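Which chain is which? The protein sequence lines are S and F, in order. Following full-length UniProt numbering, the numbering of the first sequence begins with 1 at its first residue and continues without gaps. Following full-length UniProt numbering, the numbering of the second sequence begins with 1 at its first residue and continues without gaps.
These are calculated hints, taken from the structure and not from any lab test. Note that the structure is predicted; figures quoted are calculated from it, not measured. Be a bit skeptical, because a hint or two may be false.
Stated by the list, open to error - In silico DSS-like links for lysine-lysine, alpha-carbon gap of 25 Å or less:
#1 K687/S / K136/F
#2 K587/F / K587/S
#3 K587/F / K581/S
#4 K581/F / K472/S
#5 K80/S / K711/F
#6 K591/S / K587/F
#7 K587/F / K605/S
#8 K581/F / K587/S
#9 K687/F / K334/S
#10 K472/F / K581/S
#11 K687/F / K92/S
#12 K366/F / K620/S
#13 K687/S / K92/F
#14 K366/F / K581/S
#15 K620/S / K469/F
#16 K528/F / K592/F
#17 K384/F / K63/F
Stated by the list, open to error - What follows is a list of derived Cβ distance ranges for each label pair:
#18 K528/F / E584/S: 30 to 40 Å
#19 E262/F / N713/S: 52 to 62 Å
#20 P53/F / N355/S: 41 to 51 Å
#21 D416/S / P53/F: 23 to 33 Å
#22 P297/F / D416/S: 46 to 56 Å
#23 E65/S / K472/F: 47 to 57 Å
Said to hold, decoys possible - Sample of chain S residues lacking proximity to chain F, with all beta carbon distances greater than 12 Å (derived):
#24 D221
#25 L299
#26 S511
#27 M553
C-beta atoms are modelled at their ideal positions from N, C-alpha and C, and glycine is treated no differently.
Single-letter residue listing:
Protein chains: 2
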Amino acid sequence: MIKIQILLLVLLIIISCNQKKEITNINDNNQHPKLILTARGVQDIRSKLGTIPIFDNSLQKVKEEVDAEIDLGIDIPIPKDYSGGYTHSRHKQNWFILQKAGVLYQILDDEKYAKYVKNMLMKYEEMYKTLPLHPKTRSYARGKLFWQCLNDSNWLVYVSQAYDCIYNYLTEEERNKLETNLFRPFADHISIDSPQFYQRVHNHSTWGNAAVGMIGLVMDDEDLIKRALYGIEGKEMDKTAKDDDGGFINKDGKAGFLANIEEPFSPDGYYNEGPYYQRYAMYPFLIFGEALHNVKPELKIFEYKDGVLLKSINALLNLSDADGDFFPLNDGQKGMSYYTGSLVTAVDISYKYGNADSGLLSIAKKQNRVLLDDSGLAVALGIKEGKTQPFQKKSINLSDGPNGKQGGVGILRNEDIELVFKYASQGSSHGHYDKLSFSLYENGEELIQDYGLARFVNIEQKGGGNYLKENKTWAKQTIAHNTVTQNETSHYQGKYEIGSQNHPDLHYFSSEDENVQVVSSKVANTYKGTDLLRTMALIKDKDFEKPFVLDIMRVESNTFNQYDFPFYFFGQVLDTNFEYKTSEILKPLGKKNGYQHLFIEASGKAIAGNSKFSWFNNNKFYTLTSLTNKIDDLIFTRIGANDPEFNLRRDPALILRRKDSKNTTFISALESHGSYSPVTESAFNSKSSIRELKVELDSQEYTAISITSIKGNTTLFITSNKKASKEAKHTITINGKHYSWTGAYYYK
Amino acid sequence: MIKIQILLLVLLIIISCNQKKEITNINDNNQHPKLILTARGVQDIRSKLGTIPIFDNSLQKVKEEVDAEIDLGIDIPIPKDYSGGYTHSRHKQNWFILQKAGVLYQILDDEKYAKYVKNMLMKYEEMYKTLPLHPKTRSYARGKLFWQCLNDSNWLVYVSQAYDCIYNYLTEEERNKLETNLFRPFADHISIDSPQFYQRVHNHSTWGNAAVGMIGLVMDDEDLIKRALYGIEGKEMDKTAKDDDGGFINKDGKAGFLANIEEPFSPDGYYNEGPYYQRYAMYPFLIFGEALHNVKPELKIFEYKDGVLLKSINALLNLSDADGDFFPLNDGQKGMSYYTGSLVTAVDISYKYGNADSGLLSIAKKQNRVLLDDSGLAVALGIKEGKTQPFQKKSINLSDGPNGKQGGVGILRNEDIELVFKYASQGSSHGHYDKLSFSLYENGEELIQDYGLARFVNIEQKGGGNYLKENKTWAKQTIAHNTVTQNETSHYQGKYEIGSQNHPDLHYFSSEDENVQVVSSKVANTYKGTDLLRTMALIKDKDFEKPFVLDIMRVESNTFNQYDFPFYFFGQVLDTNFEYKTSEILKPLGKKNGYQHLFIEASGKAIAGNSKFSWFNNNKFYTLTSLTNKIDDLIFTRIGANDPEFNLRRDPALILRRKDSKNTTFISALESHGSYSPVTESAFNSKSSIRELKVELDSQEYTAISITSIKGNTTLFITSNKKASKEAKHTITINGKHYSWTGAYYYK
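Same shape as in the complex, but just chain S (with noise of 0.2 Å):
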């Protein structure tokens, strides 16, 4: 018995020796794959394979989908299209395709997709070591096998991982030839080739960064790896050169990795191009980051600026209303949302390197699919072990700029209603005019919208799926937006140089009482000589069925103005309390700075005091109560004049013009409310709650608006306009009744 006993313990010393070595082989850097994929997380998910459902499913529609391309066989057409065509399409779903093959090779250890990775690999570098420019030449950097580096970057990003993964099945011989021929030199050109591109603060070089970053740590290069993480050694740019959008290529000298990450996040983690650019960016960043993190844990990438890349998750969730579509603030195509691939990137590396946070499991569950990597199964396994919660998103205000002293972004949630407000800084070659702007919505639905960009990405017959013209003689405008346009010209002129250089500065935030959250900022220089300070607040009050705006913009200035203040509601107009006559037939309102797109559906003259208006949209319905001068135009527009290839969509507005103005206040309330069914062709809750809106002080220091509900009874919000701490106390008095509290606002 005794030796039989013993004769087990050597066996099993002997056991687990064999493993420790196998884990210290697999935990060698030299061992592949080591980039997302790692030996030794290979080894857990072939182990668990068949018992977690999410991974097990994503894992099954990548191999269908890979073995449905294997036997379409190869294609590397000779590059020609922009986006849209053909050869662009083509090259794309090679990057994509070869990443998976890569992945599937590991995972099902199955030759067939190492083989098929290394044919397309060995036809791209027969290709390429002889290919020239992309023939288009509409960008500033071109690429060779699409018409920009960007797109270049992107396959590199990809196809880095692909051979990463059968790194190990190639010959020497074999990775010679390919990294000789095809991955040097494509890292090259999109860097040392192209420092337009590469060596700059900007989505596009962050791409460049982790293409040329991440096949610098597939071949061991540390050349690449440096010039990954902190630019091209020694190149100096011109600091006064522009890209085709109108941003600086490199004002501040600024390039690599890190300053990619240092400059564009503020410590809330916002990305100050926008959630959709950010969305974007979110892949290089996540997934170099994690190669980074694989392959150097010594860099600390996680935890580089205070973590800011696995925050920068965070905001970028919160960027997304209630389907999960992200604002469209700047430019931004609508329809984006968190089910993208980035964003299961993102949620999985959030979950796996953050503190595991079990409402991204809820997310990960509505994405319905995995990363085939580590962080992949460390959701999988989440999932099946029922951890997951929802993911609640809250009120929550993002600072803007590098040390998050640049503005940002506000957003006020209450029941369905979520109001984003935009006080954020100019956002890098994507940013719009639009400062202390907002948007509103309703449980994903657009009450008060953004415009978004002017653009249909990939859709050939648009553009090429490029910019369209409209993005920059629109979209960027100010009036193409909410918020207040002086003398028909866009804040900072429609300047980039002038928007980069100033931003408006938080006044403050405050979500603390759910009922009354209130977001305020203040901005100078917009146009020079006026002062803007704008206050909104969402207020759930017993009268009334649904959670409401007050809005208070207060416009400062030393001349007179004409002030346009336009609400971009959807869908039909079913009643005023002011006349208004329709245009027989419809002109431009203007001729410039967005202006020149839309037309004059109806004018009418305001009202003394209330002028309301009620509109109608997918069965529910909404109105505005704004306080108005009698000498107040009233003014329906819709988007599409000067419209010659009908980019624009047919939208309408509401704009409130107040002429002749040196100080003046904007004061608006606005209110979902009802609904109708056309199958009971009953309507529910159809009219206003609200009686009557009154201004009972508008000071340099306070305003205060009554408002007075349909049920009778009245409250009071009073804001500061100076001081706005928490701590601060307030005593004032108003038509004789005086008024304490403690903080930056009043409502009772």
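Given the coordinates of chain S, work out where chain F should sit on it, guided by the hints.
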């Protein structure tokens, strides 16, 4: 033992005798309830409660609703408002609650419901006996509780059921009081006092007939029952008088419930006003039908006119899109669907009194409620017993006219595409002037829309919820529809008198070959001297992603005319192969007949050959290919001109205009293709699959169109313009090639 057995036998006989007696009793027509609920039905229901989920849930919801109303207390306001106003809504709510409370009393045997019904009826009695005409004067037949007799009739149809349910609960004295002061004068007001409403063939009158008949059945009043079935005895109407909508009140002297079945329903069950009004009329037809079936089974009402009442339910269900929304032919508000209450009635009654079609159970399941009566019980049991089958909508041709000889509606369905071709007769006062028009749907989404009506039913802010004047000036006009308008004048000069004396005729309908389905119809006299023949085919071909539409509209005229041929698409212009110029200022297309409501957004000249237009909507792509001449105009329009109260939607169209032509043929193909994902930002199959459409022959006898696909394959569609029988043999030679076939068309 034997003694005991005998004893048991005797007992059994006694019990069975008692049961027999009870059954006899409860079939007695003087037993209440007898109208919709029956005494025996109530017994059955009570015995099954708690075991029939959909019924139990429906009951629970009704109970919660009624209990909440009982808690609120009874309110019988003095009538003063139009639809959408408080008193209107309140009395409407009362009729529903009364009916439901009556049912609850029967099923739950709880006196509180009987008491509630009694109390409310007594209050109505108190008010009604001195109530003058409703103060609002807009109706051609004013009611007392409501502004129009129609709504008073609605009230009585429901309240008769409530009265029946508590009949036995009331004392004779109470019944006398109610019948003398409320029910009989109420029935008289809507009939004898309002013959212009009652004594006609119209959906309004059907409600009136049913109201009078149902209270007559409850009260066992043969006079009222006869008046319901056959109209007011001896009443002669002015044959030239018209109602508010411009329809004749009673041109041919017919009246009463049976005439209302006889006239508007075709033998196929198509209702001449269209599905929206059929849905509305359905309730009184079927509920009074059910009542007659229960109380006067000798009438065999469900076998009347070859069982047309039950056939009409099948027709109506087939007149809905994939979501169950009815096609908005004539005046129809979009969004009305088979989820509406009257369709719950229709589906349940059809199941119970028809042939227990298990497909109906799937609709009942979607409706998620059943009637709380014998028919609802039957459906609930059917579902419980697992009999549910999908309701398969197929291509269907529905004849119009009392004898099925006045045109019709043809619906072609293949995969997700539904083509609705309207060649129906005028459709009574709710008809539109759109002979040979069409609309196109894909999986419940409108691709080419019919505008529907210009009305916001029960939305008080829009003209009291009633028809807007734009219904006449726009929605009814020919140019508002997808058919040909000659010389900017509507069909039949837009005159009801002419329209109602003419109608198109079916040329042929063929759906035997699922891959090539065709409907063809001709009409004379829409314009004097002009004949139209339109042939529309829904073709599934291997070179196309989805079934596409081939449209051949032949116009023969003895004068030179201008023809306008619009396509009311949705969404955004993507691409054209013809040049166009957008308008700097938008002007109306014309001055009258609907043209005054169209803005010209852009104009272009067609090219000789195929003019192609593609558009983009809800992330899908569409292409129209039209055979054009160089002199044809292509005009992009948008609805909304001369619309002083924003009553019209701002929807676009492309109008093909052909000037100075006598005979001409419009030939077009419509494709739905591809998709776009804003999440992956990728476009799939965004271009047309048609390389060329070509006329190979166009004679009085035949039109032959060749369709060459992008893949280079050519098919030929030949339609016979004269002989169209299934048996007809054809032999022709086109371009030297011989074609022989049997039947109306050829496709290969």
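C-beta pair E65/S, K472/F: status relative to the range 47 to 57 Å that was hinted
Once the Cβ atoms are compared, 56 Å apart, the range 47 to 57 Å for K472/F and E65/S holds.
Does the alpha-carbon distance linking K687/S and K92/F stay inside the 25 Å limit?
Within the cut-off at roughly 20 Å; holds.
State, for the Cβ atoms of E262/F and N713/S, whether the hinted interval 52 to 62 Å holds or is violated.
holds, 59 Å
Hint consistency between K472/F and K581/S [alpha-carbon to alpha-carbon, up to 25 Å]
Given pair K472/F, K581/S holds - Cα atoms ~21 Å apart, limit 25 Å.
Hint consistency between K581/F and K472/S [alpha-carbon to alpha-carbon, up to 25 Å]
holds, 21 Å
Would you mind confirming whether the straight-line C-alpha gap from K620/S to K469/F stays at or under 25 Å?
holds, 23 Å
Satisfaction of hint between K63/F and K384/F, Cα-Cα up to 25 Å
Holds: K384/F and K63/F sit about 22 Å apart, inside 25 Å.
Once the closest CB in chain F is found, is it more than 12 Å from S511/S?
holds, 30 Å
Take the C-beta atom of D416/S and the C-beta atom of P53/F, compute their distance, and say whether it sits inside 23 to 33 Å.
31 Å Cβ-Cβ, so the 23 to 33 Å window holds.
Determine whether the Cβ-Cβ distance between K528/F and E584/S falls within the hinted range of 30 to 40 Å.
Since the Cβ atoms of K528/F and E584/S sit about 33 Å apart, the hinted range of 30 to 40 Å holds.
With d taken as the least Cβ-Cβ distance between D221/S and chain F, does d exceed 12 Å?
Fine: 32 Å to the nearest Cβ keeps D221/S off the interface.
Given the hinted pair K687/F and K334/S, is their Cα-Cα distance within 25 Å?
The given pair, whose Cα atoms are some 22 Å apart, holds under the 25 Å limit.
Figure legend: structure checked against the earlier numbered hints; the only hint not met is number 14.
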